[in-house]
Amino acid sequence: MTPGNRKSVVRVAGGQGFWGDSLDAPRQQVEGGAVDYLMLDYLAEVTMSILQKQKERDPTAGYARDFVGAMESVLPAVVERGVRVIANAGGVNPPACAAAVRQMAARHGAADRLRIGVVTGDDLLPRLDQLIEAGHPLRNMDTGEPLSMVRDRVLSANAYIGSAPIVEALERGANVVVTGRSTDTALTMAPLRYEFGWGAEDWDRLAAGIIAGHIIECGAQCSGGNCLYEWRSIPDLANVGYPIVEGSADGTFVVTKHAGTGGRVSTHTIAEQLLYEMGDPRSYITPDVVADFTTIRLEDVGPDRVRVYGIEGREATDKLKVSVAYRAGFKAVGTLVYSWPDALEKAQLADGVLRERLDRLGLKFDRVLTEYVGASATHGPLVGTHPDLPEVQLRVGVRGQDRAAVERFTREIAPLVLNGPPSVTGFAGGRPKVEEIVAYWPALVDKRVVTTAVEVLS
Amino acid sequence: MKVRMLDIAHARSGDKGDTANVGVIALRREWYPVIAAHLTAARVAEHFRGMITGPVERFELPNLAAVNFLLHGALDGGGTLSLKTDAQGKVFSTALLRMTLDMPDSEAARLALPPAPPVPPAPAAS
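Chains as they are written, first to last, in this note's numbering: chain A, 703 to 1160; chain B, 4 to 129.
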């Protein structure tokens, strides 16, 4: 592998932590100071199924549309200053995403300045039956059940793919790389691997790149956002700085943010983010490497600068994780607010009335859940006894296979305002909405059956 | 001496399917051994009794002065299936920090652990 150039430090900026994150962050990241790469992570576990539904209605849809606007906002930096963009915005339709970006660039007379690398091969939906027949049961990692149990309800199925195709796109001169279900962490590791020429078995450095990716994949959640440690003193969250990794060839890196931005980067903010969604810290499994989070060392090396070093990794497994989304029934959640005095007791009485009515109607649900927001919704029985609260929100959710039953439940909330306990308000939002549940089915598949492809459009 | 976890640690939590993870980090590095020694899986399971349906797993990260807990069966099915306000386990972090440890006075004094404030008289139940 030939490094693209010989930078001693490569700056990868995180500009999006999920689809729906700040619209301004991508531009702020390329305009607030020097960066070499802009990394944009759009995909959460259920995002692929939403995109798949969109693609079924419109074959040119199925990607994160926000990305086109983000690309427009950073276009000058890409075409004039050589910033490269790497994003998993392609969703279930990376070619359509690339086409939309080209169209946008053409409007600015810059289509010939973009070389868009398109990574495909993660989409297993068209091959699903063939895979199952060939002896890949795609068992649910939590329950052990084979995918055939829900095959007829599957909406999308994507393998999490690693850094190799992104590296290839960069080698072939792409200045924008659009992928489907790449792992979030590969989006950051790939440019470091490419720039520094790390080999496919350079486990420690690959692990370092993955951990750099884990730190910045949730945007500002590592730079002062959602940070519990000394949260009152974190400055200027309205202008929070998104994170930047300054990577070195030896696998060490510094996490920082642009000067003049709010938020904070410290060993505490980084430690919190490292533990986010953590399983067994010794085995953070990715397609490229198994990273060991117990080897990470953090050091404050300046204001809003944390050095990360000491990281070790080991050989990757021969499996890829697969994210399958399937239809799993319907749900609805209704809320009402009860006020002082005795707000909780009134809400409890209303819940009893509601449940009795649902019973009398003969409605069957897989689950009915009542929470008292303001009293015990999130910390449940840990809270103990309450003072006489000023208000309590009654929040009742139902889920089941029968859409009509869930629909009927949504008609039983409003009547309580007039025919239930007193001091009730907070119904301005109208009747609850019935939602189809698209559930997540995590599985593993042999790596060898997934082949990625890279096309560079110029 | 009683010591509140809230006074010696910070935390972040997240989800993986129906499992919530809670990473607990010592506020000061010298307090990590207290957490490592006293914050056992059994104690955490006891704390969350009635809130989770599965077992508790525990992993130490001495390098980060942290312990990671996996609380299985915490999220009413998890992800989009869950009907909970906290379907993604985002505030199991502070739920864990409600725990109180019983520390020998000598050790608490040696490490300058902040004592838990006196418990106010319980208000009348509503």
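If you're looking for bench data, these hints aren't it; they were derived computationally from the structure.
Don't take each hint at face value.
To be verified - With a cut-off of at most 30 Å between alpha-carbon atoms, the simulated DSSO-like pairs for lysine-lysine come out as follows: (1) A:Lys1023 to B:Lys93; (2) B:Lys5 to A:Lys755; (3) A:Lys757 to A:Lys1066; (4) A:Lys1135 to B:Lys5; (5) B:Lys93 to B:Lys5; (6) A:Lys755 to A:Lys1066; (7) A:Lys1149 to A:Lys755; (8) A:Lys1149 to A:Lys1023; (9) A:Lys755 to A:Lys1021.
Claimed, not checked - One-sided excerpt, in silico: chain B residues whose CB lies under 10 Å from chain A: (10) Ser16; (11) Gly20; (12) Leu30; (13) Glu33; (14) Thr43; (15) Arg52; (16) Gly53; (17) Val59; (18) Glu63; (19) Pro65; (20) Leu73; (21) Gly81; (22) Val94.
It should be emphasised that the depicted structure is a prediction, and the values quoted were computed from it without experimental measurement.
Glycine is no exception: its CB is placed at the ideal position from the N, C-alpha and C atoms.
Original post:
What are the numbers of the hints that this structure violates, sorted from low to high?
Top reply: 2, 3, 4, 13, 14, 17
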